[in-house]
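Chemist: Now for the letters of each chain:
Number of protein chains: 2
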Amino acid sequence: MRTSIATVCLSGSLTAKLHACAEAGFDGVEIMDTDLLVSYESPEEIRTLCERLGLSIDLFQPFRDFEGVEEEPLQDNLRRAEEKFQLMRRLGADTVLVCSNAGTATVDDDARVAEQLGRLADLAAGYDIRIAYEALAWGRFVNDYRHAWKLVEMADRPNLGTCLDSFHILARGHDPSAIEQIPGEKIYFLQLADAPQLDMDVLSWSRHHRLFPGEGSFDLTAFLTHVLRAGYRGPLSLEVFNDTFRQTDVVSTAAHARRSLTWLADRTAAANSWETDRLEDPQPLQDVDFVEISGNSLDDVDEMLAQLGFTFGGKHRSKPVRLWSLGESRIILNEQSREDSPRLSAVGVRVDSAEQAARRGAALGAPAVFRRTYAGEHVLHPVAAPDGTVVYWNDQPPEGTWIREFEGGDAESFDGSGRSGSRAACVDHINLSYRWHEFEEAVLFFHSVLGLSSQDAQDVPGPQGLVRSQVMRSTDGAVRLPLNLAPPTAPMPARHVAVGCTGIVELARAARRRGLQFLKVPDNYYADLRAKFGLQENFLTELQELDLLYDRSDSGEFIHFYTPTLGDVFLEMVERIGDYDGYGAPNAPVRLAAQRS
Amino acid sequence: MRTSIATVCLSGSLTAKLHACAEAGFDGVEIMDTDLLVSYESPEEIRTLCERLGLSIDLFQPFRDFEGVEEEPLQDNLRRAEEKFQLMRRLGADTVLVCSNAGTATVDDDARVAEQLGRLADLAAGYDIRIAYEALAWGRFVNDYRHAWKLVEMADRPNLGTCLDSFHILARGHDPSAIEQIPGEKIYFLQLADAPQLDMDVLSWSRHHRLFPGEGSFDLTAFLTHVLRAGYRGPLSLEVFNDTFRQTDVVSTAAHARRSLTWLADRTAAANSWETDRLEDPQPLQDVDFVEISGNSLDDVDEMLAQLGFTFGGKHRSKPVRLWSLGESRIILNEQSREDSPRLSAVGVRVDSAEQAARRGAALGAPAVFRRTYAGEHVLHPVAAPDGTVVYWNDQPPEGTWIREFEGGDAESFDGSGRSGSRAACVDHINLSYRWHEFEEAVLFFHSVLGLSSQDAQDVPGPQGLVRSQVMRSTDGAVRLPLNLAPPTAPMPARHVAVGCTGIVELARAARRRGLQFLKVPDNYYADLRAKFGLQENFLTELQELDLLYDRSDSGEFIHFYTPTLGDVFLEMVERIGDYDGYGAPNAPVRLAAQRS
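Line by line, the protein sequences give chains B and P. If you read the first sequence in full-length UniProt numbering, its first letter stands for residue 1, the second for the next number, and so on. If you read the second sequence in full-length UniProt numbering, its first letter stands for residue 1, the second for the next number, and so on.
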């Protein structure tokens, strides 16, 4: 499937955008009139550059406010159009996007509008140009793709077709299934954009908040299925107006954009059992294999894990790497690092076929990570997330494979099976944090490469602004990653791993005895807990004495506590009682404030 | 009039917020439950701190999701409430905000809801606490202040009243005039917030986009008039949820907030011809007296002004300051500066009474600026805008006063009257730029201190993101300040002064002859101009040869060009033909792109 992108999605000059599009592997571009207008390069130079870069100019856009006017302005609009047709010939573009009149339309008469579109098409024919007519969601009289198509049908010209834009159709809540009734060869162009579900005026939503496919709430797989079933065989093109992407680095945003189309084509083919455009199937995630913390001196982390009751699983036989575990939760401390302070650097997940998962990751543009593997060592297949966090897939039980590479662990309570005996603990969730310009790309990465789904985002008040929290999880919840978006001026929040356990009160008491001080919770919090939930006084006292936090939902309860932050990482211990399915979000402001004091 | 502010408006810890509120001159605070909850200080400590700082605790808030429920949850809600009443006694707060149930209400029966509010009030009475019941704009059954007041009337308790919040009322478009029918003593509290006119869901609008009075679109003067006419004599309190203010420095945001109330009280008193709470009247602005560019070496600017045809008006007799003028536009070059690169540092405006204007500025918290004035020199009254730009008021004709302090100017064309002869030039507008966290404060400053009004904001695409442009102007347009809001990651855009003139084509040609190169405009721009406006070929050629930009509206035409940027400043020459009233916004993308290349 051919891929294309509108130059308006990206930052910088037109030539920089074109270079970035080619590097990201796009086949073509939509050139935005304004992007050309502000360039010093002539249309011929842009054409030649595109040829050298192997980019076709799939569309020139937009031509606005043409139809639905009286005869006198129409004459001027035809004159305007002809100037642009001449420009397009210099540029070597043969399709122009004409969007429905949103500004100057006064005539709401389909017969007259169709006649006007016909005259435009006839004029364009003299230049061998095709007109792709699109219904803007906020068009004055034409704002539904079915209406635009009806007008195209009425005008009935060989060089007049329609352009479909997923945003304009799905944002209005229009049923996309009627697309299948449009002959594929009359769909001249397809623009794709995702978007978050927002309740705001559609123009602002469109101009500021569009997202790349896979990052928002639209069902683009179903949408694209309708378009392909109609017989459309042109490029899949991205038109994403987004305040953030307009500012981010053009090269990485283009790569990020390209990945979204690979994902969409794959998911659409998979949903329809088509052979083409398929990647390896995504591998269902079984559980978290391990979490890695790295830094060039991790003695403090060793001490904290021991205090929490983790069992030392030994030193790696050939690398400065140590293993700790509590039940099925395994934490690797890796001192092969140039970083001074500890950070959460990698996540291992278990799947059926690690190689297949790695191939899918590579096909989605996730860079492979070099990992030195000595003879006899277990081979892992890491790729890097956009922020550098490494993801490892493992398709073997850890006990028989990589855990054997660790030697000298505590034999008594650590039986070499990777379990530390009594407690049925596991990694409950891993909390990652991102800056404003990294967030959407992270969502797309975890969605497309790891197959995680987005849950509703939530804003949590912190002392330096609202922190947005969006959970991404595997279908059965075995792998859960809350992603935090930090306010622009706040320091980057620390990441953390939350270990699920039973008997958290005793675990906390034992950790205290071993000298661990937890994040100090204000007394006022417990007064509020009493008011909120009417907890029994002795239970409340116990929570307060141990700095434990508490939440309750209709389906269960949640008790948790936080360790101090070491470098850029801390741990959380959590116990879920009943079917509690959240992450203690009401307590997040307490944590954010306490971590700042 | 007493002033108050909700702690949720500000960033940081509760104690930091309280210190900032006291320093800004607030009389009291509304303490947000969550702010207390995340604090290590006990309620008694907060009470004692407030006493020392001279802050009354005017309100404890919010108590949510109380009324409109069945008996069993009501019992639990009363228990919850009683815990909070006990907390309030420790805190020394005697009024609690109860907002209408948005989450758990199931009973839409006024009689039952009134009965429930009555029971809550009776419980509160035992703690000497007053209940201020407020209709949230998104309350499940109660979302109109008239409905909330009706319920309060029905419940008829001596310690039950209503709380009015301008946002909840004006955002819903409810007519505030019925407020006058509420007895003043039953309005227990008044929360004020402005907001931009946005078409989005009211909950998100409220939680993210509220503004301080004077910064948005609400008519708060009329609103407050209704409340005061009703007989309300409690504090004017700010409750402004805004993503930016949650992140900005707590001390400066508190000062900024306090200024908004001073402005609002003054405007409301003025509108009603009340004696109290009045400041000096704002001084109508007559015109721009001068613009000052400062920097420690401004020879390049001298050269550019000479090339543009400005006349040298001489050196100041006692300071390293020079004067240039073109018609009525005067530019001061001030080398008393520690800055390396030239910047637009001050604006002088002419008014009837400079002293009165300065007193109003001081009363609004604008810091006075020290200016060395030697014997016999004209005394000016500068204050600093929030970003440090200095504003001078002058109530004398410049010719007889400060211009006389400049010596050795070009006598032939500069007759000492401040005019340079032939051309009727003047300062057309002054373009200032701000970072995201400075913008609202700048709007409030120019609105309150200079009496400028905001015009609609516009987003202009630049190569590094959208630049928001909002024009602030005096009633007759004699003083016009477009304020630009730069995208967060882009470098701070240069500021500029636009000088209006006639005969711009000849002026440009003469400047070219004198060796000035203008900002180079791409050829593609002229192809677009031809398409857009169908200009005559010879006129178009002339524009293109001289790098002139052009715009046209229904009322007139606009021709302009830009100089290169020197340090952080550049000049624009503009000619308005007919009644063109804009600023050439369609050409801004061309300028932004060209300035970046």
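In case anyone wonders, no lab produced these hints; they're calculated from the structure. One or more hints might be untrue.
[What the hints assert, rightly or not] Label pairs and their computed distance ranges (CB to CB): (1) T106(P) - D456(B): 18 to 26 Å; (2) V460(B) - E83(P): 22 to 30 Å; (3) Q595(P) - M200(B): 28 to 36 Å; (4) L49(P) - V460(B): 24 to 32 Å.
Predicted, not measured: the structure shown is a model, and the values here were computed from it. The beta carbon of each residue, even a glycine, is placed where N, CA and C say it ideally should be.
Chemist: Which of the numbered hints above does this structure break?
Modeler: none
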